[in-house]
Each structure stands twice: as structure tokens, then as C-alpha cells.
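Visitor: The residues making up each chain are set out below.
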Amino acid sequence: MVGRNSDIKLAISHLSGNLVICKVRGKVASERPLMSSAYGALLEEMMRKIARAALAAAMVLTAAPLAGLAPAAAQQSIKFGALYPFSGGLALLGDESFRGLEIAVEERNAAGGINGKTITLIKGDAVDPNQAVGEARRLTSVDNVSAIFGTYSSSLSLAATQVAELAGVPYFELGAVSDPITERGFKNVFRSNATAKDFSVRMVDSVSDAIAPALGKKPEELKIGIIYEDSLYGQTMSGYQKSRAAEKKLNVVEALAYSAKSVDLTPVILRLKSAGVDVVLQTSYQNDTVLFFRQMKDQGFKPKAVIGAGGGYSLRDTVAAVGAENMEGALDVDFTQYRTNPKAAPGIEQFVTKYKAKYGTDPRSGHSLANYMGAKVFFDAIAASKDLTADNIRAQVMKVDLPVGSTATGWGAKFSEQGQNTRALPFLMQWQGGELVTVFPEDAAVAKMKVGVGTN
Amino acid sequence: MDVFIQLLINGILLGSMYAIISVGLTLIFGIVRVVNFAHGEFLMVGMYGAYLLAAKFGLHPYVSAIPIVLLLFAFGALVQRFIIQPLLSAEEHIQIFATVGLSTALMNLALMIFGADLYSVPPSAVQHSINIGGFTLVIGQIVMFVCALALVAGLHLFMQSTPLGRAIRATAQNRNAALLMGVRVDRIYVIAFGLGAACVGLASALVMPLYPVTPTIGTYFVLTAFVVVVLGGMRSMYGAFFGAMIIGIVDSLSGYYIAPDLKEVVYFVIFILILIFKPTGLFGLGRGTE
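Just so you know, the protein sequences line up as chains A and B, in that order.
In terms of this note's numbering, the first sequence has 373 at position 373, counting the first letter as 1, and numbering is strictly consecutive.
In terms of this note's numbering, the second sequence has 44 at position 44, counting the first letter as 1, and numbering is strictly consecutive.
Because the hints were derived from the structure by calculation, they are not lab data.
Among the clues, some could well be false.
[Said to hold, decoys possible] The following label-pair restraints were derived from C-beta to C-beta distances:
hint, chain 1, residue 1, chain 2, residue 2, range
1, B, Ala116, A, Gly433, 22 to 30 Å
2, B, Gly115, A, Glu220, 27 to 35 Å
3, A, Tyr285, B, Leu157, 53 to 61 Å
4, B, Leu223, A, Ala275, 24 to 32 Å
5, B, Tyr238, A, Lys249, 37 to 45 Å
6, B, Gly115, A, Ala447, 30 to 38 Å
7, B, Ile130, A, Ala324, 39 to 47 Å
Don't be surprised by glycine CBs; every beta carbon is placed ideally from N, CA and C.
Extracted from the complex, chain A is given alone in its bound form (with noise of 0.2 Å):
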């Protein structure tokens, strides 16, 4: 047994290309009395084959790459890394903003590229922040890409983006939402989409602009109620909706924070309820809206609205579970959805005919819209700028001036000197027969917005 190890301890040596090689032969020597020597010499013979398999499979894996990217080079071709979450818990709505990316690329190639250079696209797939930061590492120094294009997951985008940074290459953020992103003053990192401020003021602000007007009553009048689930997305919200409120004077009279993982939200409901709340915004994940709603109904708590931030709020799968009749009338705050008035967003209709086309399905969030929205914006400025440095681009992408009402999603481009697009304002939505529609601004609403919720 003792002989059988130590080879098998030489052989893990060899695969390393160790140097304890030597020491270890001469135990293995000393040892070999202890076990048949046929059957040890074979057994070393075996163990060296494999190691040669594998270090020969190695060598193919990393040449392979290598020998794909050089006819590609040799083509007028632009490269641009591609960093989202393409597997592991995250892959579905990561999947599903690369698709706008990639709709945004072939839309650019066929119209002849960026001065008539090529995209090519190099997929990094980052399942969790250290994952995150190697593969923007392999992408900026290895692939030598133009520019990073990703990441949906907040998480991802802080850690990849530090990366980008260090090695001088532009990072544009499409789809996370943190505010931090942007607030660090990097010089080469430019977000396009709307943040959790950004999401927390328009849900504050639908109190005073849609909702009061609605009720025929005076912002002020309206009591209202903030409860979050406890981790760091509902307390970050929360922190922008309590100082939001607290601008435009309105009257929060509760603000509770719960755990995600509660099984009975009553409490929460109770002190709502006796606080005579009318306006609840709530920010959670999909079980704790689930329960919210269905606990809401079950104690007779009847709020005039409720308006949540994207999460459970926006799929169709928590008004299954709550039952579209209980969910009639909830609002949501979230990206830009596909029931939205055209003329606020001019593409938007376009842009589902060749998602339709190239993936044969529905978009399945409206996060595939945001990343083609922003891609778009971007391409327009690397395009403009004289060459790819990064000093260049950056002057290309701060010259951006869109008016809100001129993208695919309704948003404008104005970026700020963090980066930061100023003109991406989430719009408010509502949950109308099973549908999800956007009841204001006006000018992007489909439908009108509707008081009280579920069949209260």
C-alpha cells in the first residue's frame, strides 16, 4: 500500500512538473520492497502515460484558442469583451441582457460596423466576483479587447470593473444597478442604465406625481409606508426612499425591514394596517411579494397602492402564485418593459421583431432591451472617437447628448463625469389583467393607471 501511493504521489509530482520529483523516487526506491516490483513498474509506466495525455491535452486546449483568433485578427476586426454571468444561479437573466448586447453587434456589423471594422465579440462567463475578476483579466490582457461590455449582477460589475480599470480599458455597464459603479471615481468606467437611487426616486416621486393626482389628494395627505426585505438590496433602497421622502416632505410613517426568508409577514401587515397607511412601497425578492400580496388579502389590509422595484415585482411567475386578480393594480418600477407606448421609445417595436427572429421566443425581461439600448449608445461613441484609447473614447462618451424619449427604452444619454447616464429614468408600471403595462410618464404610458389593489 505504502509503494502504491508514493507513485501515485511521483505521478501527481510529473503532472506538476514539480521539482520534488527526485525526492520523491528516491522514498519510492527505498520503499518498493514492500510491493511487487512488476506490479509497481507498471503502475509508474501507467501513471507517466497519463500524465503525457494530459500535459499533451493541455497543450491543444490552450493552442486552440490561439489558432481560432488568428484569422479573425487578420480581418479588419474590432474586439470586444462580452462579461456576464452565462452560468450558475445567475445564467438565466445574464443570458438574457448578452442577447441585446449581441442583437445590438449584428444590427452594427450589418450596417457595416465601426468604420467598417468588425465586433467581434469574446464571451468571459463570470459566475461570482472572483470568477468576475479573472475573466476580465483574460479578456483585457490576454484577448487585448477594445472595450468590456456586461454585467447585469452588481457584484460582478464592482469586481470586474476595478480590473478594467487597472488596464486602461473603457468598461461600459449595461445593467447593474448599484450606485457605487459609478461613484469611485473611475475614469473608464460608463453605465447606461438606471440605479437603485435612480429606482428608489421614481418610486418616491410616483407618490407625489401620479398617485396623489390620481386620488385627488395632496401628496402630503398620504400616509405612507416603507418596508424592505433586511439584506444589503433592500436596505440600500430603502436608505434612498426614506431621504427621497424626507426632500419632498412627505409622511413615511412606517418603515420596517423584514427578513427575505420570513414565513409570515402578519406583523409587518398589522403595523401597516394600524398605522392607516395608504401608499406602500416595498422592495423584495419573488417569495416575500408572494406573501406579502397573499397575506395582505388574507388580513383585510387595504392600501390605496402599492408599488414595488423590479425583483418579484415584474414576473409573471409571482402573479401566478399571488393570482392576477390579488395583483390587479400593484405597481412596479423597473427597467423599461415591452407594453410601452413606442412613440416614448422609438425601436422598441424593431427591436422585438429580430429578438423574435434570432431567438425565436418573447424577451424574456426587459433586461435584453437595456443592454441593446446601451450598447447602441456606445457603439455610436467608440465609433466617433478618432481611435480606441480609452482617453478618447471617454471625450467620445461624455460628448453624448441624447434627449429622454429617443432610445429603444425610453431613456436619453447624458453622462456625467462619474460615467453615470443621467437621462435613464426608470417608468412606473402596473400590473392590468395579467399584463404588466406602463401607466406613466404620459407620454410612455399604454394604459391608464388605476387605483386600489387586488379586489379590494
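For chain A, the structure is supplied; the task is to place chain B on it using the hints.
Guide: Okay, now just chain B, sitting in the frame of chain A:
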């Protein structure tokens, strides 16, 4: 006052859900002496079962309770026979690793088969609430309360008045003595584990109309179930029942009067205090009842 009574009602009804989930855990812990960390995933398996029966055959979860209880009995018995039994004489932490491993494996299996989406059964009357004297009670929760009482009473009768029940009690009290008296201890363990799993199968059929199922749904309940079991004195079914009621009421009241995100703090403080001052639990029989 009205709110207080409503909170109390909600707490008791919530407690009956914790009770019905915890009884099975107590059985397994009390008899087989294995801490089953996969208990929540047993619940998840049962809930997916109820969902499938509703989706494919249109069965109401209450009807599918029967096949699911049988299915989970078999599942529990198999787990005991092929995973726990070979490890019974191993050290305790090995068994814990085995059940934790089983828990992770089941969760990921569900993720592979069903994905992370949530599934729910079609709405039915049990999701509605009734109004008694100005207080609302959800019908599904009342059913749960009645079933929890019936389950504890039924298990009590079974343990006290059948030969098998006596053999189970004997095994729980002293494995070696029971073995000497001719009780086939291994078989008793298989049955007891199956029974525990069957209890959680009943729970899953009752929970299904009220909560949508996801691969991680078990983790929402299982931590509370452990608190309930310890609070109740580890091996006492009645203890588990009353422990669950206490946790339910504490949960409801502290969520309202203190803060919803602090209710876990409150009942874990109670939990720690009990461990310090009465480590055998509220209904435990005292030290040395091994």
C-alpha cells in the same frame, strides 16, 4: 386590544404550522438519535410532489396528502436504511455530515429538475380567510391547527397502545435493552425514520396551498423547526407542539411590537436562555434521561 388578539390568533395558527413540521423532526431525533438536517428538504420534496400531483392530475393538495405521506414514508425509510444505518455506529458528526450532504444534494437536484422558479398550486378555497367576530383566520391555517392536534393525538395513541409503538418507545429509551428483549432495533429505526418523514409529508401537503415551492423552501422553515424541537425538550412530541405554539406567538407579537426584522433575535434569545437555564428543554425530563 383587537390587534393583540389578532396577533395571538395569527401566532397560534403560525405555531400549528411549525408544530406539524417539527413533530417529524422530533420523532427522528428522539428515536433514531440522528439530527436530520435534511428535514427541510423532505418538506421541499413533499411540496414538489403535491405540486406535480396538482399539475398533472388536478389533485387538491389535501387529497394528495395520502400518496405523499406514503411516498415520504418510503423515502424516509430508504434514507435510514441506506444512508444512516451504515453510519449508526460511526461518530455523531459523521451522521450530521451525511444529513447535511443529503440536504445539499436534494436542494441541487430540485434546482436541476425544476429550476429556481417558484411553483404554486391553483388557488382554492383554503387560501381564503373567514371572519369571526372581526378577526380573520385563514382556512388553510385552521386545517393545519386541527391536523397538528390530530397528528400529536394519533401518534400518542399509536405509541401507547400498539405493540409496534411500545417497541419504538423501548428502543428510544434504551437501544441495548430493547435489543436484548428481542426488539429488532434496526427495523424500528427504519420505521421511525419513515414515520418522521411521513409527518413532514403531511405537513408539505398542508403547507403547499399557502406557500409556493422553490428548491430552498426547506431552509425557510427548518431553522425554526430546530428551535422548536430543542425548546420542546428534544424528544417530546407534546413538547414540540407547545414549543411550536410558543415560537409562533413570540414570532407574531415581537414582529408587531418590536420590529419584524428583530423577531428572530427575540426567539433566539429565548432559545439561548433555555439552553443555559434548562438545557433539557421546557418539557424535557431532566438530565440523565438518555
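Visitor: Has the hinted range 24 to 32 Å been met by the Cβ atoms of Leu223(B) and Ala275(A)?
Guide: holds, 30 Å
Visitor: Verify the CB-CB distance for Gly115(B) and Ala447(A) against the hinted window 30 to 38 Å.
Guide: Roughly 31 Å apart at Cβ, these two residues keep to the hinted range, so it holds.
Visitor: Does the beta carbon distance between Ala116(B) and Gly433(A) stay inside 22 to 30 Å, or does it fall outside?
Guide: For Ala116(B) and Gly433(A) the Cβ distance comes to about 27 Å; the hint holds.
Visitor: So the hint says 39 to 47 Å: do the beta-carbon atoms of Ile130(B) and Ala324(A) match that?
Guide: Taking Cβ atoms as reference, Ile130(B) and Ala324(A) lie about 23 Å apart, which means the hint is violated.
Visitor: Should the hint that Tyr285(A) and Leu157(B) are 53 to 61 Å apart at their CB atoms be regarded as holding?
Guide: This hint is violated: roughly 43 Å between Cβ atoms.
Visitor: If I claimed the Cβ atoms of Gly115(B) and Glu220(A) lie 27 to 35 Å apart, would that claim hold in this structure?
Guide: At roughly 45 Å between Cβ atoms, Glu220(A) and Gly115(B) fall outside 27 to 35 Å, so the hint is violated.
Visitor: Do the Cβ positions of Tyr238(B) and Lys249(A) conform to the proposed distance bound of 37 to 45 Å?
Guide: violated, 56 Å
Violated hints, in rising order: 2, 3, 5 and 7; the structure is consistent with all others.
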